[in-house]
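**Student:** Listed below are the residues making up each chain.
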Amino acid sequence: MTAWLVPLASFVLIVLFGKFMGPHGKGAGYLSVLAIVTSAILSLIALFGVWLPNHELPTPTHHTGEPASAGGDTKTSAGGEHAEHPNNAPPSAYFGNWYSLGEFGKLKLTIGYYIDSLTLGMFCMVGIIASCVHFYALGYMHDELHEPFVDHEVTLTSGEHLHRKGRFYRFFQYLSLFCFSMFGIVISGNLAMVFVFWELVGICSYFLIGFYIERHSASTAANKAFIVNRVGDFGMLIGMMALWSSVGTFAFGDLKNKEGDVVEVGLFSQLRTEENHYHLAPTQEIIAEESRMTGEPASAGGATESPTNKPGQWLLLIAGVGIFCGCVGKSAQFPLHVWLPDAMEGPTPVSALVHSATMVAAGVYLVGRFYPVFTPETLLVIAYIGCITLLIAATIAITATDIKRVLAYSTVSQLGYMMLSLGLGGWVAGMFHLITHAFFKGLLFLCSGSVIHAVHTNDMTQMGGLRKKMPITAYTMLVGCLAIIGAGIPLSNFGLSGYYSKDAIIEQAWSFANANPQHQILKWAPIAGAMITAFYMFRLWYLTFAGKPRDQHRFDHAHESPRVMTTPLIVLAIFAVAIGWPIFHVTDLLEQGRPVGTQATTHGELLTALVIPDEHLSHEPAIKTPAGIAAFCTAAAGLLLATVIYLWRMLNPDELKQSFKPVHAFLWNKWYFDELYHYLFVLPTKGIASIASWFDRGIIDSILHGSAAICRTGSKVVDSLFDQTMVDGTVDTFASGTWNFGLWLRRLQTGSLRQYVMFIVVGTVLLFVMITFAQSYLTPS
Amino acid sequence: MINLPANPMLFANLLTEPVGVAHYVTVGAVLFVCGALCMATKRNALGVLMGIELVLNGANLNFIAFGSPYLRSDAHNLGLDGQLMALFVIVLAAAEAAVALAIALNFYNNHDSIDVDRAAQLRG
Amino acid sequence: MMTLSDPKVYLSLLVFLPALGALVISLLPRLTDDSYKLISLAITIVVFLLTLGFFREGAPIAFEPGVAEMQNMFNLDWIPSFGIQYFMAIDGISFPLVVLTAFLSVLAMGASWPINKHVKAYCILFLLLETGMLGVFLALDFFLFYVFWEVMLLPMYFLIGVWGGPRREYAAIKFFLYTLVGSVLMLIAILMLYFNSDLTRLSAPQLAEAGILQTTEGETAEAALAKWAAGDNTLARKYAEITKETDLAQRKQLHTFNILALQQMGQHTDLFDSEVLWGKSIQWWAFLLLFIGFVIKVPSVPLHTWLPDAHVEAPTPISMILAGVLLKMGGYGILRICYPICPGAGYDLAYFVCFVGVLSMVYGAFAALAQKDFKRMVAYSSVSHMGYVVLGMGVWSAYADTGYVTDYWKMGTNGAMFQMIAHGISSAGMFFMVGVIYDRVHHRNLDQFGGLFAKMPVYSGLAIGIFFAGLGLPGLCGFIGEVFVVFSAFKYSPLLAVVSAGVVILTAGYILWAIQRVYLGAEYKGPHGEALTPMTMRELAIGVPLLAFAIVFGIYPTAMLNYMQPSIDRQVDRLAVWTQEHDARATAVNPRGGEEGQVALKDIF
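Protein chains in written order, with my numbering: chain G, 2 to 782; chain Z, 1445 to 1568; chain F, 86 to 690.
Bound conformation, chain G alone (with noise of 0.2 Å):
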């Protein structure tokens, strides 16, 4: 699979010789063009040159993944004891190693390939998606090829604005890194790399939003984007780390050598062996670190399981809910959907690509791709997360006006859905609506970067009329809306892309719900949810295309975008419509991917009342039926309230706006996401970040200069006490004393020769007095 070292051969030329190439970098353009397209046919063709003339698509009516679980009765009612119902096997994949980043003893870090359809589905969205938006880029980046660049939302201190060179080579350079990242995500053989090229990818859109490096706002979202980002990865971090230690291996698949015997056994197939027809059972290790951690001694085998200790999982829970906050981070869920909306200050086709189509989607992909270690425990907060931010970010949708802060909590929402449709137990209709709405999302913002290409600005209370200038944008632009909302034919088998997808998140969040009375918000959440989606995709429509300009300048200067620009839209309509088609087979190819173990109806262990439904009962007429009325029925409706307010303005948009002004107001705040974290975690940050510094200078330093100051007294103290006086005075009055004596002594020697020998004759005489008396004195007598 060379299709993503071809992006990375693109960066890695485009960095060194960028500037070189052509015109400007033109020709940079041109290499990254090329390399995304070569990346695009190559994934095409492993995907139907290779993997689909060896692999037979499993026929639809079964839904049976692998011969393995054909047999096996994947339509009882839910209910049942679990243990009864056979398994799907683990989907059929290529797995194997490229090379270690590290080894030790049993544990490997290890750069390798996994791939299975879903590997190969995703690179192919990603590759035609991406090569849609770098053509499109070519037209849209032209600007930068014009020197000097006039950048004018910045306005320097002396009141001009702000005149730079192009930067046409470096947009694509990190454009093809990007791809080179994502393509890294899709293909990565285990967890380990998913997180080298998760960063990587946040660091690509880190690059690609603050693109306009000159502009404040742009660095500041770019930082806001990877530091949330960053947030995220702690609790990915935090799952790695406890199935790391517990289960020692991040490997998606089992390593076989040669002769196909398993080497070393992978993550999924150690956490759901065949022997218990790959239910999700805690290995041993992971019970012996639980209670390594809980200080409570490891029941011996499970054997005295009883309904308050289940061993392992809770570590289990720790380890999904801990992937799934990097999963959140990256997708832009609730809590940490506030990076997205800022995000949307890089050019529009890095909105188009990395914000909507293919890198917050990797969250949603790697919650797909770690699937069989979710707990259904872990699937309910990920249900429950999806749901929260659905509706909070359509809701927040309803009031923005900057058209591509509509696409983006758009896209935050319809994240939400897919969340939502996985942590439910679709894992084939979440991943399906992935991949449509990476095709009408990446097509929605292209055609809104084509309005903006033409307008220079994205507030839509200065659009509106546009149709008559630009009929390819409005048009396909509408493609989209119909395909975001779900349009298509109730209860038959024919509508756009999204009605496949949506209709199949609703229909298994009605199954969950009557699976599980106590969470029906789960399935209501959804059904409102598509009503909003109609109601503010449409605002957005008809206040851009529809109506009479309000802006009649910008009108008069706004033209068709080049064409560079339009195929990409027209390209990305036609897969809009038609990929959700059941000739296309995606859900069958998806199916085939569908992951070890999430076939059958499962429950919760820690939670024992919850059951996540077997996906294939949300077929069921029963509930299929209902759930494709109410799902057509509330977008209609959405769909109808925004015609009378915008297109036939029965209700005037203000007069609301006034009699609703606190819930307005709520919302175009966005429900104060943003203020309530300055003050709960960016201002105390910074507040513990200055007592730090200041207890380094305040406390830490004044000790030391304190300890300086007190030793530097004590050795004053010591030397005037102790060696100036004691030591120095002995010293000198031994000196003195001696001086003294020696004067005292000078007295004698008067020089007068007379006086010397009166002392020599007394001195001679007093000497034999004592010589005398000495002997007598000592001579023992």
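Once the Cα atoms are required to be at most 20 Å apart in a straight line, the calculated EDC-like pairs of lysine to aspartate or glutamate come out as:
| no. | chain 1 | residue 1 | chain 2 | residue 2 |
| --- | --- | --- | --- | --- |
| 1 | G | 549 | G | 460 |
| 2 | G | 687 | F | 532 |
| 3 | F | 457 | G | 702 |
Rather than coming from a laboratory, the hints here were simulated on the basis of the structure.
Based on these hints, arrange chains Z and F on the given structure of chain G.
**Tutor:** Leaving out everything else, chains Z and F in the frame of chain G:
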């Protein structure tokens, strides 16, 4: 209590004794004391020199007496060593007299006097 | 034979060539400043080439990857009456550090060109410093180690104190006093260990392991011991004399400074287990003293405040050396000396060590976030990053509950070692990058930069790359070490691991914020804007290799792990064996086992 030496009658019996070492020693001591007094009292340098001669000769007399085989038994005298020492002292006295006279002469030339009290340059 | 193929000559040359160079420079007549710099640069390059000589396969002094034992070992008597030897060797722990030192010395010398004050003295001190640094990593005699440790201290003091910024005297004295306190504590510990050591308690294979015996091919260690003891060697004669006494109670001790022998004693004998103070054993105190001494160098909170001052005041090349090499000595000391010599104390204090590491990480990151001075921020980031090193070394996760599995511990220790090298590259790069703009605009206030990307695109690209290496971005060297350490820490203490994982957020925060304020933005806000010229060739030649290595080690870490992993793994395995034996002893002392066994374990120390 001071413990005095054994014979308290030492000086009383001298005149009655035959001439022995004690007599010589006594004469030597008298000469020595005279010399010393002369040195201490004379302000004239020549007088001082004479005193020195007396002191030296008093000492010589002692050496001679202790070295004489006639005065003391062989076991206790110095023998030739005493006489040798005496000779040595005489030579020394001669040399010393020469030097001292030269100093005195120079002193006189400088000070017009040979008063030793005026020669106090060596005062400390 | 005095040829280069003799390890004696080769290693000595490697260590003392800079010192010789310094001597030559000091004797040279008055030359231009540039020629002094050129001579010094040439010497550092030659030293670097000498270290590259280890890579030459087939050469007699080649360093073989995949070998855990000491290589190129030699020992000569230096002060025989105290058993002090001139004893050097390299293994996987010291080898990468030696190469890093030589490499960074070349780059730092290259970065010294803007220095114009007392150039001759600067070059002399710089070369002396290099000798000290190389010596510390190569010495295996504790006394020799200590000598080199001090040799390195004094030039550093002058380099900061004379060529530094406005508060240089303060910073230099602070650095000096801090380090001196550390080395005094170390000296105490060295003497404690020395006077309790006894060579005669080691078996023949252990003596051979410690480099005291040389076994030839096909000869048992016992035979070699007999031959050696009969030989004409001061140490051997002493050994023979002492071992003549058969009554063990009467026998005198044969003290040694040999680090390898001390390791053997620490792991296989109870020489260091006797109680000295407050119920703690000799090795407990020795470990604590050594650890404090090394941790000052690392530096860890709360003994870190010399670092920001020293870095801010030191000239750019000295900052590079300081961050790139000197900080590593602390980590090296902990790995080479603390743990293997005092395993019991290390086992006891493992949580304390880890806690210090995590505290440094968190605290350093927070402090970095608050800094206004660019260089100070980078300095605090060093504190934070070196916290990973301490944490990685402390994760003693091979104990009874984990079934003595050493894999995670190996991962942590290797990660710590990798982090040291990676930090050597990235922090030296960061300081250099700060120095480049400081040379141009003469200020470091983070709030007064901006827009450098437009003015100096190549520089900004390099700088952002190196800063991302510091941030721990995958594909760059910082990532590998951090991930290894954090993953392995979870096995030891989930709480500490979670906290340390949280540091990634803060790290991203302060580095991205700094990048935004310095490189991004519309225009430059500070003084001397006209001086912002593109990088010169000399600066490129320094910056590019650093980034290149950051990328190479980030993408293919095995390139380095191949060299260091065997030695580290062997050490960890040995300590794990020690733990197992130790636990067995503890249960034997207190057969109640289980919880009580843990208490008994505490009582022993």
